[in-house]
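K.L.:
With these hints in hand, go ahead and build the complete structure from the sequences.
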Amino acid sequence: MGSMITKEDTDEWRQARKRARKNNYPSLATANSVAADRPAWGTGPRPIGARVINLKERNLDMLKNDLILRNPLRLMGHENEAIVPEGGFGAVLARAGVGKTALIVQVALDTMLQHRNVLHVSLDDPVEKVNLWYQEVLNSLAHQYHVRQIKDLWESIQMNRFIMTFKVEGFSVPKLEERVKDLTEQQIFNPHMVIIDGLPFDERLRGPLEGLKAFSENHRLRLWFTVTTHRHEEPAADGLPVQLSAVADLFDAAIQLQPEGNKIHIRSLKGGPAESRDQLLDPATMLIKDPQ
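Going by this note's numbering, the final residue of the sequence shown carries number 292, and the count climbs one at a time with no gaps.
Worth flagging that the hints you see were computed from the coordinates, not collected in a lab. Errors might be hidden in some of the hints.
[To be verified] Lysine-lysine pairs mimicking BS3-like chemistry, simulated, CA-CA at most 30 Å apart: (1) K175 / K213; (2) K181 / K129; (3) K129 / K213; (4) K263 / K129; (5) K289 / K263; (6) K289 / K64; (7) K270 / K213; (8) K263 / K64; (9) K270 / K289; (10) K129 / K64; (11) K175 / K129; (12) K181 / K167; (13) K151 / K129.
None of the values given here were measured: they were computed from a predicted structure.
P.N.:
If you want it as structure tokens, here you go:
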């Protein structure tokens, strides 16, 4: 089969929804509001269970906000995903094994922390391996920022991600549109951002990219791509990697991972603020190094 929504995909979504319903605690504002038929909690002792629930949810919200402030794009001087508008394209470029997927997963996790849905389309790896990327990156973030609530955090955002797999030769814009239509019409998942991981960028790609551009504009989606570059290739005349140069007009943002010695530089090729400076990717954790 060229593409599929696997049993693991739908099981993952159902389990996440079940957890969300099970943990559907009232927000702090709701818990403190006064019901019409009973006194306000402020006039007497509050139920202990409700207070614990509120503190747990409030702490998770504070944790999410803290991680959002540390997201990879903001550390580079960008204002979150605003560099890729609705209907826009973003790209992460690097040689094989340098950290493209790790960086794009950090961008995805930031979107998920904001309660927005990410559809991760993998053309190379099975669902289990993609899911492992998310868990490893989140665990690394938890270790870097001393997060103890990693299990609760993961359970609170997992429902905002859906993994879809295709074989490279079976991938096409109509097939992707069909799968997304299935997800939305069946009320399984409604994405805000789509990651296409593993699409070969060559001279034949402009037509499919134009189709994806129309798809993203019609559905008001932000699309991110991973783009594999090669060590032996010289940049194009415009200074961009040859994989991007011929289609650069379709992209709003492009970020390149460039190894130099024992360091991996993160450089904004397109879409970043003029005063944007390079950041470094930690080769051990594959996370952007926090300047603080």
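K.L.:
Run the structure past the numbered hints and jot down the numbers of the failing ones, going up.
P.N.:
none
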